[in-house]
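Chemist: So the protein sequences, as listed, match chains A and B. If you're matching positions, the first sequence starts at 51 in our numbering and goes up one per residue. If you're matching positions, the second sequence starts at 350 in our numbering and goes up one per residue.
Derived by calculation from the structure, the hints in this document are not laboratory data. Heads up, the beta-carbon is just placed ideally off N, CA and C, and yes, glycines get one too. None of the hints are false.
Computed Cβ-Cβ distance ranges for the label pairs, DEER-style:
(1) B/Thr594 <-> A/Glu108: 45 to 51 Å
(2) A/Arg277 <-> B/Arg723: 48 to 54 Å
(3) A/Glu108 <-> B/Arg358: 58 to 64 Å
(4) A/Ala222 <-> B/Pro644: 20 to 26 Å
(5) A/Ala188 <-> B/Leu389: 53 to 59 Å
Calculated cross-link-like contacts (lysine-lysine; reagent style DSS-like; alpha-carbon spacing at most 25 Å):
(6) B/Lys463 <-> B/Lys363
(7) B/Lys551 <-> B/Lys636
(8) A/Lys212 <-> B/Lys636
(9) A/Lys74 <-> A/Lys269
(10) B/Lys493 <-> B/Lys436
(11) A/Lys185 <-> A/Lys229
(12) B/Lys636 <-> A/Lys160
(13) A/Lys212 <-> A/Lys167
(14) A/Lys167 <-> B/Lys636
(15) A/Lys74 <-> A/Lys284
(16) B/Lys663 <-> B/Lys524
(17) B/Lys621 <-> A/Lys160
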Amino acid sequence: MNEDGSLVRLENIHKWFGSNHVLKGIDVTVHEGDVVAIIGPSGSGKSTLLRTINLLEEPTEGRVLFDGAEITDIRTNVDEVRTHIGMVFQSYNLFPHMNVRDNVTLALRKVLGMGEKEARERAHQELEHVGLAEKADAYPGSLSGGQQQRVAIARALAMRPKLMLFDEVTSALDPELVKEVLDAMRRLVDEGMTMVVVTHEMGFAREVGTRLIFMDQGKIVEDGNPREIFDAPKDGRTRAFLSHVL
Amino acid sequence: MPESATTERPPVVKGRPAPLPLSIFAGGIAALALVLGGVLFTQYLWASQNRAPSPSCAERMSGALPGEEEKLLKGGSAVCHIVDALKSDMQAGLLITGMVLGAGMVVAGFLLYKRMPNKRQRNHAIAGAILGIQAVVFGLVILKFRDGDVLIFARNFLNFTFLEGSMDGFLRGMKNTIILAFGGELLGIIIGLSLALLMISKHRTARAPAMAYINFFRGTPLIFQLIFFGFLFLLGFQWRDALFTQVILILGMNMGAYSAEVFRAGIQSVEKGQTEAARSLGLSYVKSMRYVIVPQAVRRVIPPLMNEFVILIKDTSLVAILGLSAGQYEIFSFSRSFFSDSRNASIFLGTAAAYLAVTLPLIWVVNRVEKRLRSGLVGIAG
Ligand SMILES: Nc1ncnc2c1ncn2[C@@H]1O[C@H](COP(=O)(O)OP(=O)(O)O)[C@@H](O)[C@H]1O
Ligand SMILES: [Mg+2]
Chain A
51 MNEDGSLVRL
61 ENIHKWFGSN
71 HVLKGIDVTV
81 HEGDVVAIIG
91 PSGSGKSTLL
101 RTINLLEEPT
111 EGRVLFDGAE
121 ITDIRTNVDE
131 VRTHIGMVFQ
141 SYNLFPHMNV
151 RDNVTLALRK
161 VLGMGEKEAR
171 ERAHQELEHV
181 GLAEKADAYP
191 GSLSGGQQQR
201 VAIARALAMR
211 PKLMLFDEVT
221 SALDPELVKE
231 VLDAMRRLVD
241 EGMTMVVVTH
251 EMGFAREVGT
261 RLIFMDQGKI
271 VEDGNPREIF
281 DAPKDGRTRA
291 FLSHVL
Chain B
350 MPESATTERP
360 PVVKGRPAPL
370 PLSIFAGGIA
380 ALALVLGGVL
390 FTQYLWASQN
400 RAPSPSCAER
410 MSGALPGEEE
420 KLLKGGSAVC
430 HIVDALKSDM
440 QAGLLITGMV
450 LGAGMVVAGF
460 LLYKRMPNKR
470 QRNHAIAGAI
480 LGIQAVVFGL
490 VILKFRDGDV
500 LIFARNFLNF
510 TFLEGSMDGF
520 LRGMKNTIIL
530 AFGGELLGII
540 IGLSLALLMI
550 SKHRTARAPA
560 MAYINFFRGT
570 PLIFQLIFFG
580 FLFLLGFQWR
590 DALFTQVILI
600 LGMNMGAYSA
610 EVFRAGIQSV
620 EKGQTEAARS
630 LGLSYVKSMR
640 YVIVPQAVRR
650 VIPPLMNEFV
660 ILIKDTSLVA
670 ILGLSAGQYE
680 IFSFSRSFFS
690 DSRNASIFLG
700 TAAAYLAVTL
710 PLIWVVNRVE
720 KRLRSGLVGI
730 AG
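Construct all of the structure, not just a fragment, from the sequences and the given hints.
Modeler: Here's what the structure looks like:
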């Protein structure tokens with residue numbers, strides 16, 4: 051942790067895709083224990099912002115600090131940094147050619163250098179946590195979307211990250227499967243995990259978020275207490291968006 | 350399992366057959382049988398009755414030297430059977446009957462199929478017409494051939510007595526063909542995967558040489574590469590032995606260029622999310638390739654690689670240009686040397702049979718693997 055308690059700091063982040071200016075000067079600080087929900091219209095740059103935190107997207111301009119160190123510095127070992135940041139995607143992205151256990155243990159073995167036995171134990175523990183220990187030998191293709199997404203969460207958590215990133219992890223799910231994934235995330239909140247969550251689930255953002263960020267057209271329009279923003283949005287765009295989705 | 354395991358059958362919706370369309374269908378079958386079966390039948394008749402060669406054939410097949418008594422050349426009577434049967438009036442009668450019947454079914458089938466009350470009857474009418482077309486087309490081709498100099502052709506290409514004693518050579522040839530093709534394929538896969546990984550690099554300095562290699566080997570004929578690198582090894586590298594190994598090397602270098610494209614397409618067909626998930630877990634670029642992307646790509650490229658392999662089997666015939674030693678003959682080198690000893694091209698029918706004996710089982714396997722891969726995740730997961 052940094053001396054001021056910040057885990058992630060984005061300073062004046064700009065991102066261009068060709069001539070498309072997608073992030074237009076983003077400044078955000080995430081403190082340890084924060085649960086930051088990011089909402090906003092489609093195409094406003096939420097995913098890009100999230101992916102900037104673990105450098106899946108390299109910012110065109112600006113600095114990203116993690117745990118007090120500037121990770122946008124070219125000399126940073128980004129692979130090492132990423133072992134501390136878990137990420138869960140909308141499309142699960144489980145490895146289809148490996149069974150569930152190997153999905154979870156791959157990075158433990160090949161990145162952290164953990165032994166086979168210890169990795170299996172850790173995988174069992176994490177899968178049990180999301181209620182899927184009995185699926186360890188199954189292949190992802192035989193699981194429901196909700197189960198796959200819970201495996202993806204277990205896979206990320208097995209690395210014991212300091213920060214978890216979620217990018218619309220329930221958007222691809224059938225409605226009846228959303229709850230099991232949200233429940234797994236709620237448990238994580240209860241355990242005190244620091245999280246940044248891009249979501250369309252306004253109920254979830256309001257209930258469990260300690261902070262809400264509303265983005266529009268590559269800028270942060272509002273950043274504050276979720277209840278206050280939901281009850282009394284200051285900006286006109288936030289108001290329009292919320293009246294549209296609620 | 351996704352599909353339910355009931356044994357119920359879907360209702361038959363095609364309708365009942367009727368005599369008229371059925372007879373068009375039967376007429377089509379009969380027409381084609383008269384044309385193709387007729388050829389086989391006359392051939393069988395002449396061969397089995399061992400008729401004396403017609404005077405015109407016997408005259409042209411005789412190999413009498415001055416002073417010798419006149420006798421037919423080796424295999425001459427069998428060739429005369431083929432020629433005489435084909436030129437017979439019986440053959441002409443069968444062909445023409447079949448073609449007339451076929452033409453009748455074409456007319457009837459196409460006139461009537463739209464008026465048929467159900468699908469089954471319509472299909473019968475159409476099938477009869479299609480078979481009729483085949484009877485007419487084959488009939489025309491055979492009639493045309495029959496008018497030509499069948500004898501010279503048959504003497505050179507259909508004199509099966511010249512295949513005698515070729516079995517061992519063909520078996521050894523098939524063994525060597527398979528060794529060459531497998532060796533080339535193995536090397537090709539290694540070179541191809543390496544090139545593919547270079548091709549997807551973001552560094553132009555890595556892509557450029559790979560690109561040049563691929564363009565060169567895909568853009569020049571294999572026969573040129575065999576000659577050029579054969580002599581490069583021999584003269585440039587002073588590599589005077591192990592021609593067989595050199596040939597495998599050149600085949601592999603060629604195959605590498607083709608499989609590189611296959612692998613590149615396979616790697617790029619793996620969803621971007623797979624790389625992102627792997628990298629977000631801390632796997633390096635190399636490790637994410639090795640454990641996540643390439644294993645998935647390899648499963649996807651198995652069918653196209655096997656297709657390339659079938660092509661490579663046939664392309665091994667080109668190494669005949671380099672003059673392997675007799676023990677190293679692949680199918681085509683053996684056939685060529687057999688041909689130059691016997692001075693008769695009938696051996697090449699054996700060549701075709703030998704290649705088919707190697708390629709057909711493989712083609713069958715390719716089709717099955719493709720079907721398995723397409724019908725779900727079996728190949729991916731298992
Ligand atoms: N890899 C990319 N290449 C080009 N344009 C991109 C890429 N990723 C995102 N964009 C563009 O950036 C904008 C913001 O996208 P994104 O961050 O996914 O928005 P959101 O997650 O809020 O819907 C969109 O206009 C999108 O088309
Ligand atoms: Mg998005």
